[in-house]
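Based on the provided sequences and hints, a complete structural model is requested.
1579 is the number that this note's numbering gives to position 216 of the sequence shown; each next residue is one higher, with no gaps.
Everything labelled a hint here was simulated from the structure, so no lab data went into it. Hints should not be assumed to be uniformly reliable.
Taking CB as the label site, the calculated pair distances span [said to hold, decoys possible]:
#: 1; residue 1: R1488; residue 2: S1371; range: 43 to 53 angstroms
#: 2; residue 1: D1375; residue 2: H1678; range: 33 to 43 angstroms
#: 3; residue 1: S1665; residue 2: D1396; range: 15 to 25 angstroms
#: 4; residue 1: A1379; residue 2: E1681; range: 44 to 54 angstroms
#: 5; residue 1: R1570; residue 2: S1371; range: 45 to 55 angstroms
#: 6; residue 1: V1382; residue 2: E1747; range: 17 to 27 angstroms
#: 7; residue 1: S1665; residue 2: R1488; range: 36 to 46 angstroms
#: 8; residue 1: R1376; residue 2: T1505; range: 22 to 32 angstroms
Cβ coordinates follow ideal geometry from the N, Cα and C atoms, glycine included.
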Amino acid sequence: MGDATTNSQLLDRYAASLVGVFGRPPLVLSHGDGAYVWDVDGKRYLDLLGGIAVNALGHGHPALVAAVSKQAAEAIHVSNLFTSVPQIELAERILAVAGAPEGSGVFFANSGAEAIEAAIKLSRRTGRSGIVAAEGAFHGRTTGALALTHKVAYREPFEPLIPGVTHVPYGDEEALRAAVSTETAAVFLEPVQGEAGVLPADPAYLRLARELTAAHGALLVLDEVQTGVGRTGSWFAFQQAGVLPDAITLAKGLGGGVPIGALVTFGPEVTGLLTAGQHGSTFGGNPLACAAGLAVLETIESQGLLDHARVVGDHLAEAVLALGHPLVEGVRGAGLLRAITLTQPVSAKVADAARDAGFIVNPVAPQAIRLAPPLVVTTAQVDEFVAALPALLDAAACKEPTA
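Laid out in structure tokens, this is it:
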């Protein structure tokens, strides 16, 4: 059994040995280089999903490989009874690029869901328990984060969840006004709802959320797990809206593929809400993950990847729209977090056709195809996909639409 090494054989072994929460994946990937990955059968794919917005520097980036290799040879883990130089330096660097005021802080975790859990505990320290979240929100699958996540299929099997969470229509200003009160501990919002189909919030909506929370003594927490670390063409999406929240959550692209999460708190009043012993993590902020995070931030800056993400993302959107294909309704998003919206619910068929043709995309909603490629993807690589897209759409249109 251990000698079985083809895609089909390995997927049989996968099904026989792993808990089936992800279903049966279509491929076993073996390695990558830049924006490309290869499966174990040797087929190459242009990775336009980037590990779901995780592989910010692509695959095998020399700076990330060198940083992780060097740190692994020195210290991988020291526990949070101590600290390390990479942990301190990464916290300082995050605060710097976020434009954080004096007295701000970072708590390191291992994932986006863990960062949200920390933010929920932070909000409880206000002395209140009410939380306002948005319909369509995805904040994670751990029990606290799941209470904020809106999708019934994710929530229902595990209810009852933590009480006091109110979901309001995303982007509806009047609903937000009605929901926020002096009993609200925090409002949790994504600047762009990734799992709902890459739905950007109007900057005015985020500014209203800031005004309402400030007026009622509540916290504004922005979930930047998917949008943060250059994905939308700025360090963080909140910077494009001209809003300074009380806290943000990070993960995904921060480690470039190495697991890491973070809760960033702005200002001494919010940062001081969590005190010694009130939260923790065995692996959070370990030297290896923090060295990876430093390499990601330094490379984004040194290679001009914020500008690059904006330019290539805009080019991608314009090129897709220029096709004038009848199945394409539009392109939404920012930077290199985009969704091609369709006039028919055939995104899964498009994704299947794309994979057959050597492209990895994500059917995030029935009428939306999510693209979140590595920030190092080139215009030429984007053009390679755009040139193939009409045939992929035609192939999907010829098949029975999916619900």
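So, going through the hints one by one against the coordinates:
no., hint, verdict
1, R1488 to S1371: 43 to 53 angstroms, "52 angstroms, holds"
2, D1375 to H1678: 33 to 43 angstroms, "41 angstroms, holds"
3, S1665 to D1396: 15 to 25 angstroms, "20 angstroms, holds"
4, A1379 to E1681: 44 to 54 angstroms, "46 angstroms, holds"
5, R1570 to S1371: 45 to 55 angstroms, "52 angstroms, holds"
6, V1382 to E1747: 17 to 27 angstroms, "36 angstroms, violated"
7, S1665 to R1488: 36 to 46 angstroms, "38 angstroms, holds"
8, R1376 to T1505: 22 to 32 angstroms, "28 angstroms, holds"
Violated hint: 6 only; the structure is consistent with all others.
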